[in-house]
Amino acid sequence: METGPDFREEHVLGGHTIVLRHICADDAAELRRAFRELSPESRYRRFLGIAGNLDDAAIAYLTCVDQKDHVAIVAVTDSLDLKSERGVGVARFVRSKDDPAVAEAAVTVVDDMQRIGLGTLLMRTLARAALERGIERFRAEVLESNEIVVNALREAGAREVARGEGTLVLDVPLTGGDNVVRRALRLAAQNVNAFLRRLLPPEVTA
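Residue numbers (our numbering): 106 to 311.
Honestly, the hints are just simulated from the structure, not real lab data. Computed from a predicted model, the values in this text were never measured in an experiment. Worth double-checking, as some hints may not be accurate.
[What the hints assert, rightly or not] Simulated DEER-style distance windows between Cβ atoms:
| no. | residue 1 | residue 2 | range |
| --- | --- | --- | --- |
| 1 | 169 | 141 | 18 to 28 Å |
| 2 | 144 | 115 | 24 to 34 Å |
| 3 | 201 | 120 | 34 to 44 Å |
| 4 | 190 | 269 | 37 to 47 Å |
| 5 | 236 | 111 | 11 to 21 Å |
[What the hints assert, rightly or not] Derived EDC-like pairs (lysine to aspartate or glutamate); straight-line CA-CA distance at most 16 Å:
| no. | residue 1 | residue 2 |
| --- | --- | --- |
| 6 | 173 | 241 |
| 7 | 173 | 107 |
| 8 | 202 | 161 |
| 9 | 173 | 216 |
| 10 | 202 | 171 |
| 11 | 202 | 241 |
For every residue, glycine included, the Cβ atom is placed at its ideal position computed from N, Cα and C.
Produce the entire structure from the sequences given, and follow the hints as far as they go.
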């Protein structure tokens, strides 16, 4: 398995050396810091409905994962003083309890590292990890009015599985490996990641 427990990859994006690896409990403090520094717009788009700072229960949920049904891959780079790592992005999926071939996915990138291809890299890596663990489709809940995302998902072969108040729930196939699928997954994951709110314990999202 390429994305097994010892997974580690190094990439260069926008002049930055980026390391991808699995998240671990030691990342708690850095995750808290990175979340705190997200702009209000980024928080809203990625963590719909979660305001303020992440508490200990949320941090534990997001960092202590089994890397099988809940997989999280972090992107880190050297801090300015070169003495520590700085977290700059995270991609995760959580397998559906009702259908083990389906998972919901999310990607978050800190504001100053957006638009250099990091979100795409994280989503491509997450899709690879999902396929290796038997996931066949990523489920995305998107605003029905967001025609760019909806059309991209449908172009990639997404199938509508449910509707909500102003939202569509679509399953995007991970097989095929073409750029259309990757672009659709990236758009979906970066625009509506409300699933984290649904999966966190009620006391975390209150």
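What hint numbers does the structure not satisfy?
-> The structure conflicts with hints 8 and 9, although it agrees with all the remaining ones.
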